[in-house]
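Undergrad: Residue numbers (my numbering), protein chains in the order written: chain B, 2 to 300; chain W, 2 to 300; chain S, 2 to 300; chain E, 2 to 300.
Among these hints, one or two may not hold up.
Since copy identity is lost for identical chains, a pair holds within one copy or between any two.
List of simulated lysine-lysine pairs, DSS-like, C-alpha gap at most 30 Å [claimed, not checked]:
(1) Lys227 - Lys252
(2) Lys88 - Lys242
(3) Lys227 - Lys249
(4) Lys252 - Lys242
(5) Lys88 - Lys252
(6) Lys134 - Lys252
(7) Lys105 - Lys88
(8) Lys227 - Lys88
(9) Lys105 - Lys249
(10) Lys242 - Lys105
(11) Lys252 - Lys105
(12) Lys242 - Lys134
The set of hints was computed from the structure by calculation and includes no laboratory data.
Only a predicted model underlies this, so the values are computations on that prediction, with no experimental measurement involved.
Letter by letter, the chains look like this.
4 protein chains.
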Amino acid sequence: MTSSIGFIGLGRMGLPMAQNLLDADFPLAVFNRTASRADTLRQNGARWANSPRELAAQSDIVISIIADDAALRAIALGEDGILAGLKPDGIHVDMSTVSPDVTKELAPLYHDRGAHFVASPVFGRPEAAAAAKLWICPAGAAAAIDRCRPAFEVMGQGVIVVGEEPHLANVLKLVGNFFVIAGIETLSEALTLAEKGGLQNETVLELIRALLPVPLFQGYGSRIAKQEFVPAGFALALGLKDVGLMQKLAKDVVAPLPLADLADNHLRAAFARGRGDLDWGALATVLREMAGLPSGAPE
Amino acid sequence: MTSSIGFIGLGRMGLPMAQNLLDADFPLAVFNRTASRADTLRQNGARWANSPRELAAQSDIVISIIADDAALRAIALGEDGILAGLKPDGIHVDMSTVSPDVTKELAPLYHDRGAHFVASPVFGRPEAAAAAKLWICPAGAAAAIDRCRPAFEVMGQGVIVVGEEPHLANVLKLVGNFFVIAGIETLSEALTLAEKGGLQNETVLELIRALLPVPLFQGYGSRIAKQEFVPAGFALALGLKDVGLMQKLAKDVVAPLPLADLADNHLRAAFARGRGDLDWGALATVLREMAGLPSGAPE
Amino acid sequence: MTSSIGFIGLGRMGLPMAQNLLDADFPLAVFNRTASRADTLRQNGARWANSPRELAAQSDIVISIIADDAALRAIALGEDGILAGLKPDGIHVDMSTVSPDVTKELAPLYHDRGAHFVASPVFGRPEAAAAAKLWICPAGAAAAIDRCRPAFEVMGQGVIVVGEEPHLANVLKLVGNFFVIAGIETLSEALTLAEKGGLQNETVLELIRALLPVPLFQGYGSRIAKQEFVPAGFALALGLKDVGLMQKLAKDVVAPLPLADLADNHLRAAFARGRGDLDWGALATVLREMAGLPSGAPE
Amino acid sequence: MTSSIGFIGLGRMGLPMAQNLLDADFPLAVFNRTASRADTLRQNGARWANSPRELAAQSDIVISIIADDAALRAIALGEDGILAGLKPDGIHVDMSTVSPDVTKELAPLYHDRGAHFVASPVFGRPEAAAAAKLWICPAGAAAAIDRCRPAFEVMGQGVIVVGEEPHLANVLKLVGNFFVIAGIETLSEALTLAEKGGLQNETVLELIRALLPVPLFQGYGSRIAKQEFVPAGFALALGLKDVGLMQKLAKDVVAPLPLADLADNHLRAAFARGRGDLDWGALATVLREMAGLPSGAPE
Numbered sequence: 002m003t004s005s006i007g008f009i010g011l012g013r014m015g016l017p018m019a020q021n022l023l024d025a026d027f028p029l030a031v032f033n034r035t036a037s038r039a040d041t042l043r044q045n046g047a048r049w050a051n052s053p054r055e056l057a058a059q060s061d062i063v064i065s066i067i068a069d070d071a072a073l074r075a076i077a078l079g080e081d082g083i084l085a086g087l088k089p090d091g092i093h094v095d096m097s098t099v100s101p102d103v104t105k106e107l108a109p110l111y112h113d114r115g116a117h118f119v120a121s122p123v124f125g126r127p128e129a130a131a132a133a134k135l136w137i138c139p140a141g142a143a144a145a146i147d148r149c150r151p152a153f154e155v156m157g158q159g160v161i162v163v164g165e166e167p168h169l170a171n172v173l174k175l176v177g178n179f180f181v182i183a184g185i186e187t188l189s190e191a192l193t194l195a196e197k198g199g200l201q202n203e204t205v206l207e208l209i210r211a212l213l214p215v216p217l218f219q220g221y222g223s224r225i226a227k228q229e230f231v232p233a234g235f236a237l238a239l240g241l242k243d244v245g246l247m248q249k250l251a252k253d254v255v256a257p258l259p260l261a262d263l264a265d266n267h268l269r270a271a272f273a274r275g276r277g278d279l280d281w282g283a284l285a286t287v288l289r290e291m292a293g294l295p296s297g298a299p300e
Numbered sequence: 002m003t004s005s006i007g008f009i010g011l012g013r014m015g016l017p018m019a020q021n022l023l024d025a026d027f028p029l030a031v032f033n034r035t036a037s038r039a040d041t042l043r044q045n046g047a048r049w050a051n052s053p054r055e056l057a058a059q060s061d062i063v064i065s066i067i068a069d070d071a072a073l074r075a076i077a078l079g080e081d082g083i084l085a086g087l088k089p090d091g092i093h094v095d096m097s098t099v100s101p102d103v104t105k106e107l108a109p110l111y112h113d114r115g116a117h118f119v120a121s122p123v124f125g126r127p128e129a130a131a132a133a134k135l136w137i138c139p140a141g142a143a144a145a146i147d148r149c150r151p152a153f154e155v156m157g158q159g160v161i162v163v164g165e166e167p168h169l170a171n172v173l174k175l176v177g178n179f180f181v182i183a184g185i186e187t188l189s190e191a192l193t194l195a196e197k198g199g200l201q202n203e204t205v206l207e208l209i210r211a212l213l214p215v216p217l218f219q220g221y222g223s224r225i226a227k228q229e230f231v232p233a234g235f236a237l238a239l240g241l242k243d244v245g246l247m248q249k250l251a252k253d254v255v256a257p258l259p260l261a262d263l264a265d266n267h268l269r270a271a272f273a274r275g276r277g278d279l280d281w282g283a284l285a286t287v288l289r290e291m292a293g294l295p296s297g298a299p300e
Numbered sequence: 002m003t004s005s006i007g008f009i010g011l012g013r014m015g016l017p018m019a020q021n022l023l024d025a026d027f028p029l030a031v032f033n034r035t036a037s038r039a040d041t042l043r044q045n046g047a048r049w050a051n052s053p054r055e056l057a058a059q060s061d062i063v064i065s066i067i068a069d070d071a072a073l074r075a076i077a078l079g080e081d082g083i084l085a086g087l088k089p090d091g092i093h094v095d096m097s098t099v100s101p102d103v104t105k106e107l108a109p110l111y112h113d114r115g116a117h118f119v120a121s122p123v124f125g126r127p128e129a130a131a132a133a134k135l136w137i138c139p140a141g142a143a144a145a146i147d148r149c150r151p152a153f154e155v156m157g158q159g160v161i162v163v164g165e166e167p168h169l170a171n172v173l174k175l176v177g178n179f180f181v182i183a184g185i186e187t188l189s190e191a192l193t194l195a196e197k198g199g200l201q202n203e204t205v206l207e208l209i210r211a212l213l214p215v216p217l218f219q220g221y222g223s224r225i226a227k228q229e230f231v232p233a234g235f236a237l238a239l240g241l242k243d244v245g246l247m248q249k250l251a252k253d254v255v256a257p258l259p260l261a262d263l264a265d266n267h268l269r270a271a272f273a274r275g276r277g278d279l280d281w282g283a284l285a286t287v288l289r290e291m292a293g294l295p296s297g298a299p300e
Numbered sequence: 002m003t004s005s006i007g008f009i010g011l012g013r014m015g016l017p018m019a020q021n022l023l024d025a026d027f028p029l030a031v032f033n034r035t036a037s038r039a040d041t042l043r044q045n046g047a048r049w050a051n052s053p054r055e056l057a058a059q060s061d062i063v064i065s066i067i068a069d070d071a072a073l074r075a076i077a078l079g080e081d082g083i084l085a086g087l088k089p090d091g092i093h094v095d096m097s098t099v100s101p102d103v104t105k106e107l108a109p110l111y112h113d114r115g116a117h118f119v120a121s122p123v124f125g126r127p128e129a130a131a132a133a134k135l136w137i138c139p140a141g142a143a144a145a146i147d148r149c150r151p152a153f154e155v156m157g158q159g160v161i162v163v164g165e166e167p168h169l170a171n172v173l174k175l176v177g178n179f180f181v182i183a184g185i186e187t188l189s190e191a192l193t194l195a196e197k198g199g200l201q202n203e204t205v206l207e208l209i210r211a212l213l214p215v216p217l218f219q220g221y222g223s224r225i226a227k228q229e230f231v232p233a234g235f236a237l238a239l240g241l242k243d244v245g246l247m248q249k250l251a252k253d254v255v256a257p258l259p260l261a262d263l264a265d266n267h268l269r270a271a272f273a274r275g276r277g278d279l280d281w282g283a284l285a286t287v288l289r290e291m292a293g294l295p296s297g298a299p300e
């Protein structure tokens, strides 16, 4: 039997994900802080709920994808929260990029009520969400994850099960984002060195196509080479916050992460110069200035 | 008409490259410091030359792939060197990883004699050389590069023409190697963080297969996760030298390259602890020790 | 007229500071979590209070020097806290190393009640506290600071007034501690380089006496050269926490602080290897290991 | 009996040093590339020599203080060099900042001829040279150093004997310069953080006077706080070269020196932006820009 799904968080990621569920005929209820974001989904058959609690009460599985730890606590806890409404054996799957800390704090509360918390962050930009090409990384009770699989399958291209402890999925998401910011730092340094060394950008992009033919390196390589930082696929100010989560994790588990520190200093310098709204590929503007080149940031 | 080729440097890369030329019916003469490395090629039809000069005198194109700047100077210059033997309009194609400096020094000497120097470093490990899957990156006079194309095509899977100034190819090679060492640093930090954070290595490798499905990340990811640093595909001590070339280039052209400095410190720490003969993926052993984990270096 | 003083926090710093006040005939009441720490002071004439509130009620000025933000909140707030007991126009002078954040949070609460909060961290180790050689750095209302001067003068060798906004004193303390950890990092790298370069430690110490004849460089220089990390004047685990406060400040005010990141990675590596109880000069053990030398940490 | 002295290199350091020798009645001959720099000394009684060789032939001790390795080789070697003219048992004392490498190369050549090479770099700026307040750090044969002591005593405030192997003095000089550049990096980060954190520069300078009352920290602290980078006491472009020597030493002896890498990146960024002629305290301009502050470099 198809599970009924409640969806919270109709942002740039959440909206296409919810639409994919609707297109696959999942019974869908939705809640969002800004109600108007739900208009199209409602026209297409989704029900509206007046609170996370009300949403949870009518759903087998509640999926959330929201901004940060505080937003997750706000929808999960309190009188109108998911936890207050969730059915026995109900599941809350959070797909946001949040800290392992908040998951460690929430998961036991669900368990105590006979419900389930599954942390299940995703990899992919909004275009990948629309194309159902996300990579989905759940951690939690195996049975709960299995019940979510049909929904995962209509939203993503693959599922990587991380383990039984929900917060491990948040750890994996931070490790994955570390690969992204490390790639941006690498490309920024490489393209700056290449330009000062006399190479044409196009030659370096050709090399990248040969050695690193993956979207991460080709996409950011092209953005940095062409200095296209608007519109922001992922805003530098948010990237700074994400790197902060990685650094906190590294401190907490006592592991070195000097490359994150390096990128953090460069992102911070870009932010200090008023570039927080640009794509986080604009880290490169700082390297360029350090090389005596024009920053490449839009005026 | 097929060009006759002289080949110098029958190491782990050069030997399979020369064999590919022979298999494609190029008239081939060879020279190598250690003559016995040429035995099989000679049995298969290659002629032996007694010096680089003698080799050059009987070849349209001389290809070299040797250890470092000093070795290149040694075969190119002097009474028995390539330059002394090369025909008018002859070409010396050096495919080694050497500094832009040595190319800047040599290229004009060839030009003055009416000959050509083409710097044409390659990307790929010995397996890629054997499979004719190298990426070949020549820079020099366009006409000279064109004359080399038939030979390039039997050794590689693609040619990236870098420009007219020969030393630019060496710059591109260093930029490419920077991507490799940056990838090793990234993987070393990521896998160490993941382990301390409670993840299984296999989960992170699954993530890498999803996000970065390219040999660089999968190969080094697997080597680092499994702590397989013997045999060395590329020895850490050589990697340290290569990073030194990148750092010198960055100083010379006045560009920042802090990620190379970071990797350099880690490679140096591994070298100081007697790990220079391991694969340069063993950079990870230092990160592991900094996290309080067993190094993973063989006893 | 001499102010009556309440003193909270009889640790390695607080105890000699309180004794100096007593010796100078200030009427003194004391409170400490572990009551026995107050025995000698009580024998010498100090009164005991049963809570911070009771202490505050009988004092013109309450001085505290405690472990961290949480401890400061615990003694200041709540039913038994200083704030609940402080007289109108009373002053709470906190001399601890805490974050600017907690001061920003507390100071207005005092102001609202017609009382004063002065943040006044100190520089100096326990020996300096005993010898009344501390440097005392108050920030807060000028009139309140003036009332504290007689007490400051019997505890320190000098007063640096930071400004009117209390949290600025905490900022200055973090800047000062940054000088200390930067000095430790510098000495650790310098002495390791010198040893590998063939110099005698004694020669480098002679150079330090010539160029940097100040306790910070001579004291830590000697400790690091002789590998004397026990007993800990300041424990490495605490140092790691302090560097975390600096890094947070740098993030909050959007300033680069890469040297703190560098030291943080080294302190963390020492901590990961079980050296958290050593003096924070033991940062050097990590540099030594990176150079292939014996760490110098006690077995 | 007073030794006769030959002096080569009448730059901003050498000229006052030679004058001090003359004032102390040492028989003095001089040589300098730009002869006019010797005018005053000649008027005061110094003899002129037409070449390093001629100078050496008439002196017991030849003292040199020149720009770099190449300049040292140029005056020491060749037909007109010191080595060609030096008497049996004669001494060449080089007081320049040069690499340990060049000393290792030269010292045996002197030894082979029955003469002595003493490396004896100095610490102190031109004002200290004029005031005979240098710190002088000789390494070489003990008997040779003893013969130089009377001359050292009229040029400096103290002598630190480094050892018997001459190049060790160059190592010590690089370690000493590392303390200087590390101090500049520390001050640059600290003052930038302090300004962004809301502190007055004067407060931080007061703190430095309390904690670090030594010329290095007070002098550079004041220069950086007031952004006085002209005239250059020591030019940033020369500082970049010096840091390069430290980094090379660290590589050669296989020791980590990440703080030098950090400073190198900042110096390089200042150089890339056209600030090579400013005092090397202008490293701070880069940190200021990274914090979003005006650079403070003169227009």
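Undergrad: Hints first: check each against the structure and report whether it holds.
TA: Going down the list of hints, with the structure as the test:
| no. | hint | verdict |
| --- | --- | --- |
| 1 | Lys227 - Lys252 | between (36 Å within a copy, 25 Å between copies) |
| 2 | Lys88 - Lys242 | neither (34 Å within a copy, 43 Å between copies) |
| 3 | Lys227 - Lys249 | between (33 Å within a copy, 27 Å between copies) |
| 4 | Lys252 - Lys242 | both (15 Å within a copy, 10 Å between copies) |
| 5 | Lys88 - Lys252 | neither (37 Å within a copy, 42 Å between copies) |
| 6 | Lys134 - Lys252 | neither (33 Å within a copy, 35 Å between copies) |
| 7 | Lys105 - Lys88 | within (21 Å within a copy, 43 Å between copies) |
| 8 | Lys227 - Lys88 | neither (51 Å within a copy, 44 Å between copies) |
| 9 | Lys105 - Lys249 | both (15 Å within a copy, 23 Å between copies) |
| 10 | Lys242 - Lys105 | both (20 Å within a copy, 22 Å between copies) |
| 11 | Lys252 - Lys105 | both (17 Å within a copy, 25 Å between copies) |
| 12 | Lys242 - Lys134 | within (25 Å within a copy, 41 Å between copies) |
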